[in-house]
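The whole structure should be built from the sequences, with the hints applied where relevant.
Here the protein sequences line up with chains A and B, keeping their order. Per this note's numbering, the first sequence starts with residue 1, numbered consecutively. Per this note's numbering, the second sequence starts with residue 1, numbered consecutively.
Certain hints may be false.
Since the list gives no way to pick out one identical chain from another, each pair is judged satisfied if it fits inside one copy or across any two copies.
Unchecked claim - 20 Å max Cα-Cα, derived SDA-like pairs, lysine to any residue:
id	residue 1	residue 2
1	224	390
2	224	247
3	368	188
4	224	243
5	338	111
6	375	37
7	224	334
8	338	134
9	224	136
10	224	246
11	224	128
12	375	39
13	224	124
14	338	6
15	368	91
16	375	24
If you're looking for bench data, these hints aren't it; they were derived computationally from the structure. Nothing here was measured: the structure is a model prediction, and the numbers come from that model.
Number of protein chains: 2
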Amino acid sequence: MTHAADHGPLLDALRQALGEAAVRCPTAAEPLLAHLQDWRQRYRGQAIAVVFPSCTDDIARAVQLCADHGIGIVPQGGNTSLVGGSVPDDSGNQIVLSLQRMNRVLGIDPLNLSMTVEAGCLLASVQAAADAHGLLFPLSLASEGSCTIGGVLATNAGGTQVLRYGMARDLCLGLEVVTAQGEVWRNLKGLRKDNSGYDLRDLVIGSEGTLGIVTTASLKLFPKPRSRVASLLRCPSAGAAVRLLQLARVSLDAELTGLEAMHTCPVALTQRHLPALAAVAAPLMAGHVLDTSRPHDRASTEDMADEAWLVLLDAASPRDETALSDTVSSLLSQAQAKGLIEGALVSHSEAQYRAMWALREAIPMAEKLEGLMVKHDVGVPSSRIPDFLRATVPALQAAFPGCRVVCFGHLGDGNLHFNVQAPPGLDPMAFMAAHEDAVNAITYAQVQAFGGTIAAEHGIGRLKREALGSHQSPVATQWMRALKNALDPQHTLNPRRLVP
Amino acid sequence: MTHAADHGPLLDALRQALGEAAVRCPTAAEPLLAHLQDWRQRYRGQAIAVVFPSCTDDIARAVQLCADHGIGIVPQGGNTSLVGGSVPDDSGNQIVLSLQRMNRVLGIDPLNLSMTVEAGCLLASVQAAADAHGLLFPLSLASEGSCTIGGVLATNAGGTQVLRYGMARDLCLGLEVVTAQGEVWRNLKGLRKDNSGYDLRDLVIGSEGTLGIVTTASLKLFPKPRSRVASLLRCPSAGAAVRLLQLARVSLDAELTGLEAMHTCPVALTQRHLPALAAVAAPLMAGHVLDTSRPHDRASTEDMADEAWLVLLDAASPRDETALSDTVSSLLSQAQAKGLIEGALVSHSEAQYRAMWALREAIPMAEKLEGLMVKHDVGVPSSRIPDFLRATVPALQAAFPGCRVVCFGHLGDGNLHFNVQAPPGLDPMAFMAAHEDAVNAITYAQVQAFGGTIAAEHGIGRLKREALGSHQSPVATQWMRALKNALDPQHTLNPRRLVP
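Take a look at the structure:
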């Protein structure tokens with residue numbers, strides 16, 4: 001009620017410009033929680049209203065009105081941010097602008113291998129629209145059924161196909177963007193090459209809604225591979241996995257589409273909590289079965305870098321499956337001869353292929369069932385992963401004896417999900433409340449020492465804004481602030497997010 | 001002498017900071033023309049001095065000193081800009097900062113497939129250093145023996161391998177940059193994934209030295225393909241060439257590394273002026289031999305889109321040459337069955353492979369020997385190339401009866417070098433002086449109508465700065481100006497270039 005009273009003129013103007021139905025205020029009967037709370041339930045904010053525009057011009061009008069009234073706007077797609085980037089703060093002085101009604105596929109140009117979609121399209125719908133034309137939009141990640149392409153671009157999302165096809169940035173040909181002044185910059189030409197001026201597109205991509213609101217995008221499409229083969233491998237160490245990556249790149253080149261690594265610990269956790277999904281790994285997990293009588297089994301030793309890792313190697317090809325399988329087999333023979341793998345399963349059916357990926361994708365859920373962890377999304381050069389593990393795990397265990405590191409991720413991109421579980425006997429929630437900052441500090445210090453990033457794919461949002469300020473070069477912070485102030489001097493767009 | 005007098009304090013300070021030998025003033029005895037005049041000899045400027053720093057800190061000092069004295073800096077690599085981006089203006093109030101002494105390869109990390117190089121490294125040296133480690137730095141263009149990697153990145157250069165490996169932007173992992181304030185932003189981590197803040201790297205790439213000076217770069221490397229096969233094909237029309245592109249993408253996927261198209265006219269000009277280099281095309285040019293008794297043969301008709309085009313299709317693979325040749329042959333059979341090609345030569349040796357590329361690379365020289373032309377570096381979506389030709393060539397011929405369009409380029413990227421030759425009997429120099437603006441206006445209007453760009457790969461520099469202001473969205477111009485003013489408020493770096 002207070003909000004409605006304070007913000008009546010803005011709400012009236014928004015309703016007049018966008019229509020009654022497009023402006024909804026949270027009430028006891030309709031709290032609109034899905035728009036105010038993040039997916040991991042770490043942040044819950046307040047909003048004057050959630051606005052649902054149906055076209056770019058309506059977004060431009062909404063931005064102008066909010067700017068006129070000094071009100072911040074939080075752009076929101078599927079609200080799947082893992083860093084608190086897509087929910088309002090507690091000030092009660094912000095509008096959530098949901099793109100969910102702007103969900104049309106505007107066109108596909110098969111000869112140009114491009115498509116134009118509105119920002120509110122679900123990622124899965126984008127994939128499906130490409131597929132219906134016999135083409136591939138390769139970006140794939142766990143939340144693809146609920147995240148939107150606008151959010152994917154605003155956060156430069158990664159996923160499981162980065163090794164071959166790149167991040168969201170690499171898959172975008174152009175954008176339509178509403179600026180902080182409510183103007184529309186439209187560049188949806190679908191060009192592969194365009195050296196006419198500053199790279200405004202890539203400045204907006206990854207800016208997490210702080211420089212402009214992505215309303216429409218032109219995307220790259222690819223031919224659909226004719227065949228794909230997954231292999232689930234056991235490597236004797238993280239170093240062997242890194243050398244396997246190099247070997248696979250040489251043998252398969254662009255036919256290598258993904259290379260995921262999982263320390264045995266997260267696989268064992270999946271065996272414990274989601275045994276059906278972990279069954280595929282059984283032949284490779286000898287000697288690594290989790291001892292359920294002890295919360296932390298031997299997989300939590302300091303020697304993680306030199307213990308066994310499972311690797312999921314994904315290959316896709318325009319050749320037929322026999323030809324691709326032959327190439328993969330030849331690679332695995334070489335890897336075995338070099339001592340890089342000590343066990344291998346190769347998919348021979350779509351069901352086996354899916355089962356291998358299902359194991360990899362089950363890990364976050366197995367972690368959730370195991371209990372709260374301090375999560376990190378770090379990146380270091382692939383070549384430095386083993387030494388990073390050798391330095392960081394003992395540092396954490398020295399500070400928090402008995403804590404367990406659960407580590408897996410996109411080895412091919414140097415991107416590790418490096419998650420820390422409370423020592424046995426401690427309440428995970430209490431551990432996190434007391435020690436999250438210290439766990440982060442130890443981890444981030446090592447990331448920095450190894451030339452890495454504290455935010456490889458999930459972004460900065462609200463969660464890592466301060467940490468970014470501490471860990472990046474002061475010159476980068478100056479530039480970021482200068483850019484924000486240049487393009488959004490009133491800080492209308494996603495205020496107090498991303499920019500340290 | 002006047003300069004020395006006016007700018008004595010700055011020159012003294014530069015000499016003290018960088019050493020006597022690093023600061024050279026143009027004199028009658030040593031006019032330093034190679035640093036003051038562009039490669040195409042369209043622009044010749046003046047400079048207080050040409051400065052040759054040997055390290056990043058010296059660049060930072062030089063920038064600080066110039067900023068303190070209100071003097072503009074023109075960063076210069078190999079000075080191969082085609083748009084006047086790397087030479088000073090006539091004001092006599094600028095310093096040229098040559099990166100040529102900073103030419104070291106600082107390191108190669110084969111396991112991370114990355115290398116770190118100073119900005120003044122020749123592109124050919126970068127390629128050679130990668131090759132010495134059995135790896136590939138794929139960016140390749142005509143000036144690779146004289147252009148530097150810093151210039152390649154500052155202009156986001158393209159070249160002949162874009163279809164598979166992307167532009168310079170796509171091949172860069174990180175940069176070290178000196179800002180307009182003489183500070184150093186260092187981000188050379190060699191990471192594939194890094195979502196920590198705005199994409200400052202891509203903002204600098206393609207900014208043509210106007211936002212920061214690239215001093216060092218971390219580059220992506222690739223495994224060297226085991227085999228490569230080129231095919232020189234005759235397509236009955238530009239539309240057939242576009243459909244061939246699509247078919248090749250499906251058949252070859254990432255093994256398709258390049259697809260260049262040449263209307264018969266530039267091939268015929270090469271036959272006339274460089275017959276040895278054009279000999280390879282003879283079997284495909286029946287009926288298209290240039291009639292040397294008439295300056296403009298039938299290749300200059302309005303029907304260019306529906307006449308024969310030669311296509312150079314390049315494929316590379318980690319498989320052996322027999323396997324790759326089989327795939328290419330199968331593609332060509334399909335293409336022939338669909339009527340997309342009416343003649344084909346496939347390379348069966350390195351010599352044949354090189355001969356096909358030598359033809360393509362000879363075209364600019366053949367053009368030069370034929371005479372001055374009004375050149376364009378335009379891009380449209382590949383699917384729209386035929387209609388773009390159908391609209392633009394007649395428009396030019398209506399305005400300038402008898403003029404000839406010489407067209408070739410990177411069809412796979414939608415990037416055409418679309419060059420206009422004076423009608424027979426007119427002096428090319430006089431035609432250019434009188435009509436260049438009108439030729440540009442007609443061409444650019446059609447480019448815009450077809451959703452294209454007036455600067456696909458050569459950039460904006462000085463040549464197209466006004467045209468960019470006329471052809472891009474006013475919002476983009478506002479953003480560019482805001483970014484320039486935010487990061488270089490004194491306009492110290494490459495003043496009056498790129499930003500409209």
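Against the structure, the hints come out as follows:
In this assembly of identical chains, residue 224 and residue 390 lie within 20 Å of each other by CA distance neither inside one copy nor across copies; the values are 40 Å within and 32 Å between. Taking CA atoms no more than 20 Å apart as the test, residue 224 paired with residue 247 passes between copies only; the shortest distance there is 12 Å, against 25 Å inside one copy. For a Cα distance limit of 20 Å, the shortest separation of residue 368 from residue 188 qualifies neither inside one copy, at 40 Å, nor across copies, at 35 Å. With identical chains, the CA atoms of residue 224 and residue 243 are at most 20 Å apart between copies only, with a shortest distance of 17 Å across copies and 29 Å within one.
In this assembly of identical chains, residue 338 and residue 111 lie within 20 Å of each other by CA distance solely across copies; the values are 16 Å between and 44 Å within a copy. For a Cα distance limit of 20 Å, the shortest separation of residue 375 from residue 37 inside one copy, 19 Å, qualifies, whereas the shortest one across copies, 56 Å, does not. Proximity of residue 224 and residue 334 under a CA criterion of 20 Å is satisfied inter-copy only: 18 Å between copies versus 28 Å inside one chain copy. For a Cα distance limit of 20 Å, the shortest separation of residue 338 from residue 134 across copies, 19 Å, qualifies, whereas the shortest one inside one copy, 39 Å, does not.
For the homomeric pair residue 224 and residue 136, the shortest alpha-carbon distance inside one copy (5 Å) is at most 20 Å, but the shortest distance between copies (26 Å) is not. When the C-alpha separation of residue 224 and residue 246 is checked against a cutoff of 20 Å, the pair qualifies only between copies, where the shortest distance is 12 Å, while the shortest distance within a copy is 25 Å. Taking the closest pair of Cα atoms, residue 224 and residue 128 come within 20 Å of each other only inside a single copy of the chain (12 Å); across copies the shortest separation is 34 Å, beyond that limit. Only within a single protomer do residue 375 and residue 39 lie at most 20 Å apart by alpha-carbon distance; the minimum there is 15 Å, versus 54 Å between protomers.
Within a single copy, residue 224 and residue 124 get their C-alpha atoms as close as 16 Å, which meets the 20 Å cut-off; across copies the closest is 35 Å, which misses it. Taking the closest pair of Cα atoms, residue 338 and residue 6 never come within 20 Å of each other, the shortest separation being 70 Å inside a single copy and 68 Å across copies. When the C-alpha separation of residue 368 and residue 91 is checked against a cutoff of 20 Å, the pair qualifies neither within a copy, at 30 Å, nor between copies, at 66 Å. In this homomeric assembly, residue 375 and residue 24 never come within 20 Å of each other (Cα to Cα): the closest approach is 34 Å inside a single copy and 55 Å across copies.
The structure fails to meet hints 1, 3, 14, 15, 16 from the earlier list, while all remaining hints are met.
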